[in-house]
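Fit chain B to the supplied structure of chain A, relying on the hints for placement.
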Amino acid sequence: METVFGSLKHYEKGGVQAINANPKHYVFSNVFEVASKSKPYEKVAVAQNIKYVLEALRTEGNSPWFAADHDEAAIVMDGEVEVHLIQPDQPAVPAGVEGSVKLAAEPKGKKMGWMKIHRGHMALLPKGAAYQFRSAAPGVMLMQTIKGGCTVEKWADICQTA
Amino acid sequence: MSTATLTSTASSVVNQEGYQTFKIGQFTFERDEYFAHILYPGNRHIMPIEAFLRALMRDIAWGFFYGTVNFDAVFGTINHYGTVEMYVGLNNEAYRANHQEYVETFQSKDLKKVFEAILADWTNEGFDPFAAPEETGLAYGRKHGSNLKAVQRQRLAAKRMVGLPGDLKMRTEEDGLPVNRQFLDVPQDKPELHPEPGFEGQVHAVNLFAYLSRSDVTWNPSVVSVVHDSLLCPTTEEHILPIIHGNDRVEWFVQFSDEIMWEIDDKTTGRPASKVIMKAGDVAAMPADIRHRGYSPKRSMLLVWENNDGTLPQRHASGELKPYPVEF
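Protein chains in written order, with the working numbering: chain A, 1 to 162; chain B, 1 to 328.
Chain A on its own, in the form it takes in the complex (with noise of 0.2 Å):
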């Protein structure tokens, strides 16, 4: 029996079959149709627990490099990305900021090292490290993080509504 997964190219969206409520309290998504209508690396908010988030992301060329207060985890759900790691001389996010913060350029630091990552992996993008995802070709991530700065919310788009 196979195991169905879905990607960019090809999934199929369940939904929300209301009897006695409100569709939109579900707000119901699919990951890959966020990212398929999403710009690289652009961090929209899929789930939200008070100021916890998920966040979808498009993976597609080289990211900005980002850096958080706190540990943050990444999911590939498809395609494969690259995750270089710099440990900054000087703390790239002041301390108590939360959700991922983009910085301007790579910043000074020691590397820390690089993985490849593919569909099912999941990475610890620790406290303090400042990251960069590098993807040869169109896939999408799942991020556990808080949200921030860079989250962007467009419920509305992206949520069965009816």
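Rather than coming from a laboratory, the hints here were simulated on the basis of the structure.
Worth double-checking, as some hints may not be accurate.
Stated by the list, open to error - Under 7 Å between C-beta atoms, here's a sample of chain B residues computed to sit facing chain A:
| id | residue |
| --- | --- |
| 1 | K109 |
| 2 | Q182 |
| 3 | V186 |
| 4 | P195 |
| 5 | F199 |
| 6 | V250 |
| 7 | W252 |
| 8 | D258 |
| 9 | N307 |
| 10 | P325 |
As the list claims (entries may be wrong) - In the DSS-like style, the derived pairs of lysine-lysine whose C-alpha atoms are separated by at most 27 Å in a straight line are:
| id | chain 1 | residue 1 | chain 2 | residue 2 |
| --- | --- | --- | --- | --- |
| 11 | A | K24 | B | K275 |
| 12 | B | K322 | A | K154 |
| 13 | B | K190 | A | K111 |
| 14 | A | K51 | B | K322 |
| 15 | A | K9 | B | K190 |
| 16 | A | K111 | B | K159 |
| 17 | A | K147 | B | K159 |
| 18 | A | K110 | B | K190 |
Said to hold, decoys possible - Selected chain B positions facing chain A (in silico; Cβ < 7 Å):
| id | residue |
| --- | --- |
| 19 | N79 |
| 20 | M161 |
| 21 | M170 |
| 22 | P272 |
| 23 | S274 |
| 24 | K298 |
Computed from a predicted model, the values in this text were never measured in an experiment.
Where a beta carbon is used, it is the ideal one built from N, C-alpha and C, also for glycine.
Structure of chain B alone, referenced to chain A:
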């Protein structure tokens, strides 16, 4: 409504089918070859033994979980994180309308002890209440043996991320966890890691889908990644969620693979609210005012995402927070 706060009062005798009978507070639990009997002042509730043991297994393993664990439309528990309400009819519209509900409050540790004893005694050799029906034997019959290894599994929870040194271990063949029969096509490769010297523990990634493919249990979320109170709790699902879960906060589902259909009912009355069909890549919130039960025809991978903030139940109960997570 009847409510009493009691300390532990468990006791047991053995019946003619070989099973112990358990008492706590005014509740008595009996089993025969096919059914669990839950006796409470003036009445009794009956459940198929297989369904009862599957629900009991989750309630114990999850430490009474978040919010309400309905074993069926009548019986269940509500977690107050230190104490637990055990009830008959509390979340059933007809019982409530006719004042037939019955509730007692217990110290969590006391009820856990009794539940664990019931599960240990009533689970026969060959039956694993955590396994999919096709992967286990039957729960029925007179008492024959036990399956302590299955019912005493520890809950898996990463402190930071699965696979990190000193954290939750990845599942392996060597640990007796082969790839499940329904995930044989899931790649088992590992991420390429290229740490610079001194950063070996920090350049970290794992094959999460491979980890899930080796799960030997169903409907049992386990924490794999932690960002403060944000917990990624993926799980593998097959057949029917053995409980009807009414959360005391919003939780979220991301379908990693295959398909699950969710039946959603009103949390308090049990009236049908909606059905949610989730296919690979779909994301849906489960609002704080519903109860849900999932149906997974093929073993599937589901990400359950929880917010572990201990203030949320009270903030939802008081109306400070709306039951749904986003306004748009």
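Do the hints match the structure? See the list:
A hinted interface residue such as B/K109 counts as satisfied when its beta carbon comes closer than 7 Å to some beta carbon of chain A; here the least separation is about 29 Å, so the hint is violated. For B/Q182, the interface hint holds, the least distance from its beta-carbon to any beta-carbon of chain A being 6 Å, beneath 7 Å. Hint on B/V186 holds. Least Cβ distance to chain A is approximately 6 Å, under the 7 Å limit. A distance limit of 7 Å between C-beta atoms decides the matter here; for B/P195 the minimum to chain A is near 4 Å, and the interface restraint holds.
A hinted interface residue such as B/F199 counts as satisfied when its beta carbon comes closer than 7 Å to some beta carbon of chain A; here the least separation is about 4 Å, so the hint holds. Look at B/V250: its Cβ gets to within about 6 Å of chain A, closer than 7 Å, so that hint holds up. Proximity of B/W252 to chain A holds as hinted, the smallest CB-CB distance being about 4 Å (cut-off 7 Å). Annotation: B/D258 was flagged as interfacial toward chain A, and the flag holds, the nearest CB pair being 5 Å apart, inside 7 Å.
Of the supplied interface hints, the one on B/N307 holds, with its beta-carbon coming within about 4 Å of a beta-carbon of chain A, less than 7 Å. Here the hint on B/P325 is kept, as its CB sits about 6 Å from the closest CB of chain A, short of 7 Å. This hinted pair checks out: A/K24 and B/K275 have alpha carbons roughly 13 Å apart, not beyond 27 Å. Using a Cα cut-off of 27 Å, the hinted pair B/K322 and A/K154 holds, with the two alpha carbons roughly 20 Å apart.
Using a Cα cut-off of 27 Å, the hinted pair B/K190 and A/K111 holds, with the two alpha carbons roughly 22 Å apart. In summary, the hint linking A/K51 to B/K322 is supported, as the alpha carbons are separated by about 14 Å, within the 27 Å threshold. For the given pair, A/K9 sits about 24 Å from B/K190 by alpha-carbon distance, which is consistent with the 27 Å threshold. For the suggested pair A/K111 and B/K159, the alpha carbons sit about 26 Å apart, so the restraint of at most 27 Å is met.
Our distance criterion of 27 Å between C-alpha atoms is met by A/K147 and B/K159, whose separation comes to about 21 Å. Of the supplied pair hints, the one linking A/K110 and B/K190 holds, its CA atoms being roughly 25 Å apart against a limit of 27 Å. For the restraint placing B/N79 at the interface with chain A, the shortest Cβ-Cβ distance is roughly 18 Å, beyond the 7 Å limit, so the hint is violated. For B/M161, the shortest C-beta to C-beta distance to chain A is roughly 5 Å, which falls under 7 Å, so the interface hint holds.
Against a cut-off of 7 Å between C-beta atoms, the interface hint on B/M170 is violated, since the closest Cβ of chain A lies about 11 Å away. Hint status for B/P272: holds, given a least beta-carbon distance of 5 Å to chain A, under 7 Å. At about 4 Å, the closest approach between the beta carbon of B/S274 and any beta carbon in chain A falls short of 7 Å, and the interface hint on this residue holds. This hint holds: B/K298 has a C-beta 6 Å from the nearest C-beta of chain A, less than the 7 Å allowed.
Checked against the numbered hints given earlier, the structure breaks hints 1, 19, 21 and satisfies all the rest.
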